[in-house]
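Here the protein sequences line up with chains S and Z, keeping their order.
Under the working numbering, the letters of the first sequence match residues 131 to 388, in that order.
Under the working numbering, the letters of the second sequence match residues 20 to 205, in that order.
FYI, nobody ran anything at the bench for these hints, they're computed from the structure.
Beta carbons: idealized from backbone N, C-alpha and C, even for Gly.
Hints are supplied without guarantee of correctness; some may be wrong.
Calculated lysine to aspartate or glutamate pairs in the EDC-like style (CA-CA distance at most 20 Å, straight line) [to be verified]:
id, chain 1, residue 1, chain 2, residue 2
1, Z, Lys76, Z, Glu89
2, S, Lys178, Z, Glu31
3, S, Lys178, Z, Glu135
4, S, Lys204, Z, Glu135
5, Z, Lys177, S, Glu354
Restraint ranges, calculated between C-beta atoms of paired labels, are given here [said to hold, decoys possible]:
id, chain 1, residue 1, chain 2, residue 2, range
6, Z, Gln111, S, Ala232, 50 to 60 Å
7, S, Ser302, Z, Arg82, 57 to 67 Å
8, Z, Glu46, S, Arg209, 21 to 31 Å
9, Z, Gln64, S, Glu207, 26 to 36 Å
10, Z, Gly176, S, Gln375, 37 to 47 Å
11, Z, Asn102, S, Ile235, 28 to 38 Å
12, Z, Asp106, S, Phe273, 33 to 43 Å
13, S, Asp134, Z, Ser167, 16 to 26 Å
14, Z, Arg35, S, Ile235, 31 to 41 Å
15, S, Ala247, Z, Arg82, 39 to 49 Å
16, S, Ala342, Z, Glu46, 44 to 54 Å
17, S, His343, Z, Gly176, 23 to 33 Å
18, S, Glu168, Z, Glu46, 33 to 43 Å
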Amino acid sequence: MKEDLDNVLDERLTQLFAGDKEAEESLTQHPDDLPQLEPLLRLAREIKALPCPEPHPRALRATQTRVREAAILKKEEARRGGLFPGWLAGQRVSLAFTQVLAVIIAVGLIGFGTVAASADSLPHNPLYPVKRTTERVQLLLTFSPGGKAQLHLSFAERRLNEIMGLMSCCQSLDDAILRSMLEETDLAIKMICTLPMPEAEPLLNKAIELTAHQHTCLSQMKGEVSSEEWCILDEAIAACRCNEQMLEGEYELLNGSK
Amino acid sequence: MPKKSDTLTLVERAKRYEHQALAKLCELYYRDVYSYIYYRVSNVQDAEDLTNDVFLKMVEAIRSCRSRGEKSFLAWLFRIANNSVVDHHRRQAVRNHLPLDERYLPAHVGPEVPVEIRLTQERLQQAILKLTGEQQQVIILRFIEGLSNAETAQILGKSEGAIKSLQHRGLASLRRILKGEGGDSL
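Build the full structure now, drawing on both the sequences and the hints.
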């Protein structure tokens with residue numbers, strides 16, 4: 131009997147909320163053979179009419195900022211975990227130093243001239259790997275978060291220049307370089323968000339300028355790419371816009387806490 | 020503009036910790052989660068803090084999410100939200116520094132709502148808070164979030180029959196609570 135009542139109430143509720151005229155009439159005019167359900171149906175209608183709470187846009191923006199920061203940290207954590215799984219984890223430091231040492235020796239052998247010449251190389255150039263390796267060494271030899279943030283920003287800028295260089299000489303969009311630019315930007319943002327205000331401010335300004343510049347340059351390329359590349363580019367533009375908004379929010383937050 | 024129908028793709032991207040995808044998921048589902056939590060804590064500040072926690076937990080757990088679309092992703096978020104609310108009440112019970120009525124101040128109803136209706140709504144909100152945790156969840160998910168019995172059953176890990184029974188008992192308890200407070204208008 132109780133189960134029947136549960137089912138009948140549920141049926142009536144479904145009818146009531148579906149805008150069924152008959153259910154509405156039976157509720158308001160003639161409580162029928164199950165009078166004990168009538169007040170419950172009325173009550174359900176009152177609950178349904180409760181106002182939907184409107185979250186403050188500021189709360190949503192703050193949550194989005196924290197979600198982005200958490201995502202950047204998790205991504206880096208996952209990447210580190212992937213590079214040094216399990217038993218290798220303890221040898222991280224020595225591996226890093228071996229890499230540095232190897233590169234220093236290589237640079238010494240190849241010569242600083244080659245390193246300097248590689249600075250403007252594009253991805254299809256034979257000197258390009260030297261450029262990327264030099265960047266890794268620079269990062270390994272920089273210990274302060276502010277310095278690292280500065281480097282990530284300049285690497286992100288270089289990737290943007292490479293994308294534009296490839297576009298003007300080969301009319302092609304390099305997806306890997308585009309991803310690398312976004313990753314460098316993410317890493318810079320993550321570092322900047324950990325810095326205290328006096329140190330963070332110039333970097334934050336630089337990051338805002340960079341993301342705005344990325345946004346503009348990529349938007350200008352839209353007319354030059356194929357339809358497949360268009361989607362990739364569109365997504366990257368959205369990411370730049372997102373970063374720009376987040377950084378502006380972060381700037382307001384930091385200035386508010388000054 | 021992101022759409023809820025893009026959920027599956029966004030979740031896949033979010034599993035690679037693409038922050039744009041995670042921020043979009045946050046944008047799409049913030050309101051649902053906030054409203055669910057708001058009606059369980061009835062306090063704007065707590066609701067904002069707990070909603071924030073839910074989305075940070077989403078980032079932590081996204082790789083274990085087995086969502087097959089919009090509804091199952093929302094169900095997954097509501098389960099995280101329920102755990103956060105339960106933890107919150109546990110902490111509140113330990114502190115227990117203020118009587119219930121003083122702690123909960125509804126703040127989302129605009130001044131344009133007539134005072135009489137506003138008072139009725141506030142009384143109803145207070146009464147919902149006095150239900151058992153499961154009854155609260157069923158009443159909020161079914162009538163405020165507008166979920167079906169099947170979706171509610173999935174979130175609570177119960178059968179549809181159990182949900183119908185909880186719905187019946189929840190409404191009956193709510194009526195008793197309101198009657199006990201002289202709530203004839205409802």
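Verification of the hints:
Distance check on the hinted pair: lysine 76 of chain Z and glutamate 89 of chain Z sit about 18 Å apart at the alpha-carbon level, within 20 Å; holds. A distance of roughly 34 Å separates the Cα atoms of lysine 178 of chain S and glutamate 31 of chain Z; the hinted pair therefore is violated under the 20 Å criterion. Of the supplied pair hints, the one linking lysine 178 of chain S and glutamate 135 of chain Z holds, its CA atoms being roughly 17 Å apart against a limit of 20 Å. Restraint check for lysine 204 of chain S and glutamate 135 of chain Z: the C-alpha separation of about 50 Å exceeds 20 Å, so the hint is violated.
The straight-line distance between the Cα atoms of lysine 177 of chain Z and glutamate 354 of chain S is roughly 55 Å, outside the 20 Å bound, and the hint therefore fails. Checked against the given bound of 50 to 60 Å, the beta carbons of glutamine 111 of chain Z and alanine 232 of chain S, roughly 57 Å apart, stay inside it. Checked against the given bound of 57 to 67 Å, the beta carbons of serine 302 of chain S and arginine 82 of chain Z, roughly 33 Å apart, lie outside it. Distance hint for glutamate 46 of chain Z and arginine 209 of chain S: a CB-CB separation of about 26 Å, consistent with the stated range 21 to 31 Å.
Checked against the hint of 26 to 36 Å, the pair glutamine 64 of chain Z and glutamate 207 of chain S passes, with Cβ atoms roughly 31 Å apart. Remark: the range hint 37 to 47 Å for glycine 176 of chain Z to glutamine 375 of chain S is upheld by a beta-carbon distance near 38 Å. For asparagine 102 of chain Z and isoleucine 235 of chain S, the hinted distance range of 28 to 38 Å is not satisfied, since their beta carbons lie about 54 Å from each other. A beta carbon spacing of about 38 Å between aspartate 106 of chain Z and phenylalanine 273 of chain S agrees with the range 33 to 43 Å that was offered as a hint.
Checking the proposed 16 to 26 Å range against aspartate 134 of chain S and serine 167 of chain Z shows it holds: the Cβ atoms sit about 20 Å from each other. Arginine 35 of chain Z and isoleucine 235 of chain S have their C-beta atoms about 36 Å apart, which keeps the hinted 31 to 41 Å range intact. In this structure the supplied range 39 to 49 Å holds for alanine 247 of chain S paired with arginine 82 of chain Z, their Cβ-Cβ distance being about 43 Å. Separated by about 21 Å at the C-beta atoms, alanine 342 of chain S and glutamate 46 of chain Z break the suggested range of 44 to 54 Å.
Roughly 50 Å separates the CB atoms of histidine 343 of chain S and glycine 176 of chain Z, a value that falls outside the hinted 23 to 33 Å. Restraint check, glutamate 168 of chain S to glutamate 46 of chain Z: a C-beta distance of roughly 41 Å satisfies the suggested window 33 to 43 Å.
Checked against the numbered hints above, the structure violates hints 2, 4, 5, 7, 11, 16 and 17; every other hint is satisfied.
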